[in-house]
Amino acid sequence: QKEVEQNSGPLSVPEGAIASLNCTYSDRGSQSFFWYRQYSGKSPELIMFIYSNGDKEDGRFTAQLNKASQYVSLLIRDSQPSDSATYLCAVRSGNTPLVFGKGTRLSVIA
Amino acid sequence: DAGVTQSPTHLIKTRGQQVTLRCSPKSGHDTVSWYQQALGQGPQFIFQYYEEEERQRGNFPDRFSGHQFPNYSSELNVNALWLGDSALYLCASSLALDSPLHFGNGTRLTVT
Numbered sequence: 112q113k114e115v116e117q118n119s120g121p122l123s124v125p126e127g128a129i130a131s132l133n134c135t136y137s138d139r140g141s142q143s144f145f146w147y148r149q150y151s152g153k154s155p156e157l158i159m160f161i162y163s164n165g166d167k168e169d170g171r172f173t174a175q176l177n178k179a180s181q182y183v184s185l186l187i188r189d190s191q192p193s194d195s196a197t198y199l200c201a202v203r204s205g206n207t208p209l210v211f212g213k214g215t216r217l218s219v220i221a
Numbered sequence: 057d058a059g060v061t062q063s064p065t066h067l068i069k070t071r072g073q074q075v076t077l078r079c080s081p082k083s084g085h086d087t088v089s090w091y092q093q094a095l096g097q098g099p100q101f102i103f104q105y106y107e108e109e110e111r112q113r114g115n116f117p118d119r120f121s122g123h124q125f126p127n128y129s130s131e132l133n134v135n136a137l138w139l140g141d142s143a144l145y146l147c148a149s150s151l152a153l154d155s156p157l158h159f160g161n162g163t164r165l166t167v168t
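Here the protein sequences line up with chains X and S, keeping their order. Residue numbering for the first sequence is 112 to 221, as defined by the numbering used here. Residue numbering for the second sequence is 57 to 168, as defined by the numbering used here.
What the hints contain is simulated information worked out from the structure, not anything from laboratory work. It cannot be assumed that every hint is accurate.
What the hints assert, rightly or not - The calculated label-pair distances, taken between Cβ atoms and stated as ranges, are: (1) S:152 - X:129: 31 to 37 Å; (2) X:167 - S:58: 27 to 33 Å; (3) X:129 - S:136: 46 to 52 Å; (4) S:118 - X:186: 40 to 46 Å; (5) S:71 - X:137: 34 to 40 Å; (6) S:84 - X:137: 46 to 52 Å; (7) S:113 - X:114: 14 to 20 Å; (8) X:152 - S:119: 24 to 30 Å; (9) S:73 - X:163: 45 to 51 Å.
To be verified - Quick partial rundown of chain S residues pointing at chain X, CB under 7 Å, derived from the structure: (10) 97; (11) 98; (12) 101; (13) 112; (14) 146; (15) 153; (16) 154; (17) 156; (18) 157; (19) 159; (20) 161; (21) 162.
Every residue gets a Cβ at the ideal spot worked out from N, C-alpha and C, and that includes glycine.
This is chain X alone, in the form it adopts within the complex:
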């Protein structure tokens, strides 16, 4: 059973701070890693994906992958109240279906 684990939160950070969201996965064969943002009552929106160990930056977002530790994280710099949402980590190996975690609820306090 492939599992993706996330702390459900809520994670509260002050406006302008760095928010750090973490995710672990059980399948060592996982190859693709995705972060989705989901506002309350809305559908998931793709923020970033990463395939290789290390960091990948896109604007205020940085995804970090450590396959040896089976760990992937998302950093949000200069957090804004509009970043308040649930962040879903999703993992896939090859063509297998995307497996999602339950998500971490982030609250950015103005």
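With chain X's structure known, arrange chain S on it following the hints.
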């Protein structure tokens, strides 16, 4: 460029009834996946369609069935609805079987 579109937005059904949800993929995408998301949970994979065939299926009963049409649009059918089928049903499309998924706005199904 239209993204993934789903209809209807909301639906209320009675236990035992049948429902059909519809999805049009993003332009250029030929692979459609369906997910069920219960409140407070992550999306759970139902099945995936490519070239009008079900390619992969999650741990859902046969009451859940689907179809993909030649224009790549897709339907999800659920028979004999249970109360537990109440959820947000998400359709996602992708360029290929291993590409990132792009989700539609979802259909909120309530079974009473």
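Verification of the supplied hints:
1. Distance hint check for residue 152 (chain S) and residue 129 (chain X): the Cβ-Cβ separation is about 34 Å, which falls inside the suggested range of 31 to 37 Å.
2. For the pair residue 167 (chain X) and residue 58 (chain S), the beta carbons lie near 28 Å from each other, so the given range of 27 to 33 Å is met.
3. At about 49 Å, the CB distance of residue 129 (chain X) to residue 136 (chain S) agrees with the hint of 46 to 52 Å.
4. Range check, residue 118 (chain S) to residue 186 (chain X): about 43 Å between beta-carbon atoms, so the 40 to 46 Å window is met.
5. Take residue 71 (chain S) and residue 137 (chain X): their Cβ atoms lie about 35 Å apart, and the range 34 to 40 Å holds.
6. The hinted window of 46 to 52 Å between residue 84 (chain S) and residue 137 (chain X) is violated, with their beta carbons roughly 33 Å apart.
7. For the pair residue 113 (chain S) and residue 114 (chain X), the beta carbons lie near 19 Å from each other, so the given range of 14 to 20 Å is met.
8. Taking 24 to 30 Å as the suggested C-beta distance range, the pair residue 152 (chain X) and residue 119 (chain S) conforms, at roughly 26 Å.
9. Checking the proposed 45 to 51 Å range against residue 73 (chain S) and residue 163 (chain X) shows it holds: the Cβ atoms sit about 48 Å from each other.
10. A distance limit of 7 Å between C-beta atoms decides the matter here; for residue 97 (chain S) the minimum to chain X is near 6 Å, and the interface restraint holds.
11. Against a cut-off of 7 Å between C-beta atoms, the interface hint on residue 98 (chain S) holds, since the closest Cβ of chain X lies about 3 Å away.
12. Interface restraint check for residue 101 (chain S): the shortest CB-CB distance to chain X comes to about 4 Å, inside 7 Å, so the restraint holds.
13. Interface hint at residue 112 (chain S): satisfied, since its Cβ lies 6 Å from the closest Cβ of chain X, which is below the 7 Å cut-off.
14. Proximity of residue 146 (chain S) to chain X holds as hinted, the smallest CB-CB distance being about 6 Å (cut-off 7 Å).
15. Annotation: interface hint on residue 153 (chain S) holds; nearest CB of chain X at approximately 4 Å, less than 7 Å.
16. Nearest Cβ of chain X to the Cβ of residue 154 (chain S): about 5 Å, under the 7 Å cut. The hint holds.
17. For residue 156 (chain S), the shortest C-beta to C-beta distance to chain X is roughly 5 Å, which falls under 7 Å, so the interface hint holds.
18. Hint status for residue 157 (chain S) relative to chain X: holds, with the closest Cβ pair at about 6 Å, below 7 Å.
19. Evaluation of the residue 159 (chain S) hint against chain X yields a held restraint, the C-beta minimum of about 4 Å falling below 7 Å.
20. Annotation: residue 161 (chain S) was flagged as interfacial toward chain X, and the flag holds, the nearest CB pair being 5 Å apart, inside 7 Å.
21. The interface hint given for residue 162 (chain S) is met, as the beta carbon of that residue sits about 5 Å from the closest beta carbon of chain X, less than 7 Å.
In this structure, the one hint that does not hold is number 6.
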